[in-house]
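So the sequence lines, in the order shown, correspond to chains A and B. Taking my numbering, I'd label the letters of the first sequence as residues 1 to 114. Taking my numbering, I'd label the letters of the second sequence as residues 115 to 270.
The set of hints was computed from the structure by calculation and includes no laboratory data. Just so you know, even glycine gets a beta-carbon here, dropped at the ideal spot from N, CA and C. Among the hints, erroneous ones may be present.
[As the list claims (entries may be wrong)] Label-pair distances were calculated between CB atoms; the ranges are:
id	chain 1	residue 1	chain 2	residue 2	range
1	B	Leu-124	A	Ser-17	29 to 39 Å
2	A	Phe-18	B	Phe-150	39 to 49 Å
3	B	Ile-182	A	Leu-63	17 to 27 Å
4	A	Arg-36	B	Lys-215	26 to 36 Å
5	B	Ile-182	A	Gln-58	36 to 46 Å
6	A	Ser-17	B	Pro-138	41 to 51 Å
7	A	Leu-14	B	Lys-118	38 to 48 Å
8	A	Trp-61	B	Gln-169	23 to 33 Å
9	A	Gln-58	B	Asp-240	29 to 39 Å
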Amino acid sequence: MELVLDIISWLFLLTGSFFCLTGAVGLLRFPDFFSRIHAASLTDTLGAGLILTGLMIQAGWGLVLPKLLLILLFSFLAGTTASHAMAKAALKSGLKPLVVNKEEKQSGEKPSKS
Amino acid sequence: MRHKLALSTLLSVFWLINSGHYTPLILFFMVVSTAFVLWLCHKMNIIDDEAQPLQLTFTIPGYWVWLIKEVVVANIAVARCVWQGRASISPSVFPVKANQKSDIGKVIYANSITLTPGTVSIDFKDDEITVHALTSDSAADLQSGEMDRRVCRVEG
Chain A
1 MELVLDIISW
11 LFLLTGSFFC
21 LTGAVGLLRF
31 PDFFSRIHAA
41 SLTDTLGAGL
51 ILTGLMIQAG
61 WGLVLPKLLL
71 ILLFSFLAGT
81 TASHAMAKAA
91 LKSGLKPLVV
101 NKEEKQSGEK
111 PSKS
Chain B
115 MRHKLALSTL
125 LSVFWLINSG
135 HYTPLILFFM
145 VVSTAFVLWL
155 CHKMNIIDDE
165 AQPLQLTFTI
175 PGYWVWLIKE
185 VVVANIAVAR
195 CVWQGRASIS
205 PSVFPVKANQ
215 KSDIGKVIYA
225 NSITLTPGTV
235 SIDFKDDEIT
245 VHALTSDSAA
255 DLQSGEMDRR
265 VCRVEG
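For reference, chain A alone in the conformation it holds in the complex (with noise of 0.2 Å):
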């Protein structure tokens, strides 16, 4: 029974790992800062979920489960709040999200700072 929980967290906490590694390969590889928060959020929701999952697993029941979902709680509260601030203070001070056109996609317009 130890072994079987064992493995299925394990499981949850590689595939939350790979989710965090997708996540930062992302926000190097996405052209502008806009599409770079659609990397970041994927470390915020999966990454972290899956990770905290397989540590409640671990943990079993006790004192540390609650704690571990109020982590969970508030990191999606916290992590949905400051990309909403920081997409809006971006947007606010002038930089210009990079749009993709469907007929000339790739146009290769670089966003511009002001």
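Let chain A serve as the given structure and place chain B on it in line with the hints.
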């Protein structure tokens, strides 16, 4: 009264979870600090439907389940875009209408948009949210309006 009861219960439970020590002295501190925070909230006049949205108690768990499913699906889609590289994304910016009646409903909608990878709400005026979407698929998902309808239903 309902809100005060809910807030003090929530604060006590929060304390009990985080403390782990259940001796009489520590429990006495719990009562004192809960009463203090309750008094502060009363002074700040923030004990209302917005800070303690009790009206959502029974409608929101179902929405959470649906939202988690959406977040997982969107995560996989964005992860695919990351590994496929720049050619697979087509960022766009467009407005969506928030049909919710209350402010808290609109906040839930905007926050859900941001929580779902692939879409971020970047501006909010009156009842129009400006959304930045990573791919045309994620944009189409949002424009179908299903999330909007579900949040409206949560509001009751």
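The hints, checked one at a time:
With their beta carbons about 33 Å apart, B/Leu-124 and A/Ser-17 fall inside the hinted range of 29 to 39 Å. Under the hint 39 to 49 Å, the C-beta atoms of A/Phe-18 and B/Phe-150, about 45 Å apart, fit the expected range. Evaluation of the 17 to 27 Å hint for B/Ile-182 and A/Leu-63 yields a pass: the beta carbon distance comes to about 24 Å. Checking the proposed 26 to 36 Å range against A/Arg-36 and B/Lys-215 shows it holds: the Cβ atoms sit about 34 Å from each other.
Evaluation of the 36 to 46 Å hint for B/Ile-182 and A/Gln-58 yields a failure: the beta carbon distance comes to about 21 Å. The beta-carbon spacing between A/Ser-17 and B/Pro-138, approximately 44 Å, falls within the hinted interval of 41 to 51 Å. At about 45 Å, the beta-carbon gap between A/Leu-14 and B/Lys-118 stays in the expected band of 38 to 48 Å. In this structure, A/Trp-61 and B/Gln-169 meet the distance hint of 23 to 33 Å, their C-beta atoms being roughly 32 Å apart.
Look at A/Gln-58 against B/Asp-240: about 47 Å separates their beta carbons, and that is not inside 29 to 39 Å.
Taken one by one, the earlier hints fail for this structure at numbers 5 and 9, listed in ascending order.
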